Amino acid sequence: MNSTRATLAIARRHMRPTWIVALAARIAVGIATGFLLVPTTSPWVVYVVALFYAALAGAELRIRDLMYFAAPLYGRQLARAHALTAVTAALAPPVAFFVVEALRGTPWSWTAMLATFVACVVAALVGLSVSLRRGNAATGYFVVALVAAGAILALFTVGVPIYGWLAFALLLGFLALRAFGETLARYDPLE
Amino acid sequence: MPQSRTPGTPEPTPGFCKVRSALRIENACFVREGRALVAPFSLTLAAGERAALVQPDEDAARIAARIAAAIVKPTEGRVFVGDFDARLQPAQAKRLVGFVPSDGFCATPRVFEREIGFRADVWDADRVAMQRSADAIYEALHDAVPQSWARAVALALAPGVSTLVLENASAEWTDRVAALRPEIALLTTGTA
Numbered sequence: 001m002n003s004t005r006a007t008l009a010i011a012r013r014h015m016r017p018t019w020i021v022a023l024a025a026r027i028a029v030g031i032a033t034g035f036l037l038v039p040t041t042s043p044w045v046v047y048v049v050a051l052f053y054a055a056l057a058g059a060e061l062r063i064r065d066l067m068y069f070a071a072p073l074y075g076r077q078l079a080r081a082h083a084l085t086a087v088t089a090a091l092a093p094p095v096a097f098f099v100v101e102a103l104r105g106t107p108w109s110w111t112a113m114l115a116t117f118v119a120c121v122v123a124a125l126v127g128l129s130v131s132l133r134r135g136n137a138a139t140g141y142f143v144v145a146l147v148a149a150g151a152i153l154a155l156f157t158v159g160v161p162i163y164g165w166l167a168f169a170l171l172l173g174f175l176a177l178r179a180f181g182e183t184l185a186r187y188d189p190l191e
Numbered sequence: 001m002p003q004s005r006t007p008g009t010p011e012p013t014p015g016f017c018k019v020r021s022a023l024r025i026e027n028a029c030f031v032r033e034g035r036a037l038v039a040p041f042s043l044t045l046a047a048g049e050r051a052a053l054v055q056p057d058e059d060a061a062r063i064a065a066r067i068a069a070a071i072v073k074p075t076e077g078r079v080f081v082g083d084f085d086a087r088l089q090p091a092q093a094k095r096l097v098g099f100v101p102s103d104g105f106c107a108t109p110r111v112f113e114r115e116i117g118f119r120a121d122v123w124d125a126d127r128v129a130m131q132r133s134a135d136a137i138y139e140a141l142h143d144a145v146p147q148s149w150a151r152a153v154a155l156a157l158a159p160g161v162s163t164l165v166l167e168n169a170s171a172e173w174t175d176r177v178a179a180l181r182p183e184i185a186l187l188t189t190g191t192a
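Those protein sequence lines, which keep their order, are chains A and B.
At position 151 of the first sequence the residue is numbered 151 (the numbering used here), and the sequence of numbers has no breaks.
At position 179 of the second sequence the residue is numbered 179 (the numbering used here), and the sequence of numbers has no breaks.
For reference, chain B alone in the conformation it holds in the complex (with noise of 0.2 Å):
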């Protein structure tokens, strides 16, 4: 059956199909008083993909991190979450992307419950079903990784994101993790 194309468009190349990626980073980079605090990165993930991001030291792990998270924009560069602009639609971004910072979002079981209660009404889910699939995270990573940090890495997960980015998280950590939820793109950030 013949097919239709604009006159002047390429010929399509035989065998090639678009991979979509679940977080795609060009040229980011942080500067801050005229300072780079942030060099130039660029990354791409698919689903089930892993990285680890490896900064010169502390400040500049999280900051990329949270370049990642689209939670800070980068100075310049382009953060996409699936197929969002993190700049342009930061919103639909972050709700693609989980964020667990290095100290953490829980401390106590308390605190734990009312975010995960907050962050279903945010979410605007089902806060039944997301408190039981916090619940399973935590109850899957608790013993081999600091509590609060799995409640944190629970909370994050709990929304059904497609990518997680650790902030300045151990390799043992990120494994965890990653056996856990083998399906999602997996970002570490640290320092060397």
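The following block holds chain A by itself, in its conformation from the complex (with noise of 0.2 Å):
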């Protein structure tokens, strides 16, 4: 079995025509976000627009598609694929930004755009949890995808040195790949 062949084609099946009109929205935001920004205004403005991008991004993705689960793959190739994508789009809008704000002239700490991408991986990664779930499970992952990627940028914000909240963020990302991983491998495609 060629893994990399199989995770690349379903991320490129993921990656239909309203799929990338979804990531060119998500693009637009980072732009508009980086002109409507003023100097004074608190990162966590930035923050929290990347964050929730973020976990929308592996929240919104058709992982219920009765064809991946037909596929001869494992939960955890599965579950690889799928965060491929939802990381993909999860970057869009802070790499948009965080351009528009280095040919404003006003550019951010590599520090913290670090911490910024790192977040939104997290915020992705957990996010993607809510696409197999519904009601309020869904609603709770979402929150949980939040507060997770939002403790990592707290961590950042008062100054933990770099290891601790990069660490932290590694931790946070292989546990929600591998729950995932481990849902994907349990759940039943009943619909």
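Warning: the hint list may mix true and false statements.
[Stated by the list, open to error] Cβ pair distances, simulated, as ranges: (1) B:Arg87 <-> A:Leu171: 28 to 36 Å; (2) A:Arg12 <-> B:Gly160: 20 to 28 Å; (3) B:Val128 <-> A:Gly164: 36 to 44 Å; (4) A:Tyr74 <-> B:Pro40: 25 to 33 Å; (5) B:Thr108 <-> A:Ser3: 25 to 33 Å; (6) A:Tyr74 <-> B:Gly160: 17 to 25 Å; (7) B:Ala47 <-> A:Leu171: 43 to 51 Å; (8) B:Asp126 <-> A:Pro43: 46 to 54 Å; (9) A:Val143 <-> B:Ala47: 49 to 57 Å; (10) A:Ala32 <-> B:Asp85: 34 to 42 Å.
No wet-lab data here; the hints were simulated from the structure.
Keep in mind that this is a model prediction, so the values were computed, not measured.
Each residue gets a CB set at the ideal place from its N, CA and C atoms; glycine is no exception.
Combine both chains into one complex, guided by the hints.
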């Protein structure tokens, strides 16, 4: 089994025209945020927008598609493939925002950019679990995604050394992806 | 020539030979929130054999088909596709079984082509050969059955599976598929 080929095939299958349009909208949000911000604005405005769209990137994927469950893949392989798509979408708004800020001559520090990217990745990975749930459980996972990623940015903001919040983010990301993979392996597509 | 045998093992029965099953289901059932959606059922199919699994309603037929195709895990019981336990080796089991949902996977030729490409990548098969195989199956079926269903069958058979599960398929359509691929084990689910 060529795992990379399968992973890319699943990612490509997600990246349909509607996904491309959604990605363009995310980039537009990042650009608009970059232009609308004034130097006195709290960075948390950027963080909240970025984390919301990152969690949504995981939550909105069509993971319940029967084709994925009929494919000869393990849950962890499926999880990695879905995560690749979600993380790509999640990073679009902050990348667009930071490019605009750099062009305007007000670039952020590299640690702030790294913290934002890492938090967005974690939000997207936790957000993936929303896609397999409904109702209150889905809302709960969405909130958990925002809180977990927000905690990384809070650690960065209060001055925790880089290896501290980076290790925390790695742990959260690993646990989120693993939990998602196990949920996929147990999931029974009945619809 | 004398043959060595582990002491204590029974003598082999004369004339006995092990028939390898393509699909074996042992007391599989499905329970959700305390309600039995699929009652326990068992069946064994060898290559070239056919069976119709009748369930009390469409939901039960759908779930039973997905249990047989290793897509849904039974609450109790076991499913073997070839030599593979669908619970322990789901990827290997799914490689040997094709599944056709009642609504089909492919509404349009464009989607069909895209799904063939997807399937070739995921099954790690040659894309051109799989496309050719799927097109041949579709050509043989599309006059006799709905086109979207013919595409779904072509998609399911294209990777060269040994077992095919048809969810809520009519007897007439099943006959067509059986005539086309007499060498595979074919399971149909439906309602009484």
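We went through each hint and held it up to the structure:
{"no.": "1", "hint": "B:Arg87 <-> A:Leu171: 28 to 36 Å", "in the structure": "30 Å, holds"}
{"no.": "2", "hint": "A:Arg12 <-> B:Gly160: 20 to 28 Å", "in the structure": "23 Å, holds"}
{"no.": "3", "hint": "B:Val128 <-> A:Gly164: 36 to 44 Å", "in the structure": "52 Å, violated"}
{"no.": "4", "hint": "A:Tyr74 <-> B:Pro40: 25 to 33 Å", "in the structure": "27 Å, holds"}
{"no.": "5", "hint": "B:Thr108 <-> A:Ser3: 25 to 33 Å", "in the structure": "30 Å, holds"}
{"no.": "6", "hint": "A:Tyr74 <-> B:Gly160: 17 to 25 Å", "in the structure": "21 Å, holds"}
{"no.": "7", "hint": "B:Ala47 <-> A:Leu171: 43 to 51 Å", "in the structure": "49 Å, holds"}
{"no.": "8", "hint": "B:Asp126 <-> A:Pro43: 46 to 54 Å", "in the structure": "51 Å, holds"}
{"no.": "9", "hint": "A:Val143 <-> B:Ala47: 49 to 57 Å", "in the structure": "52 Å, holds"}
{"no.": "10", "hint": "A:Ala32 <-> B:Asp85: 34 to 42 Å", "in the structure": "53 Å, violated"}
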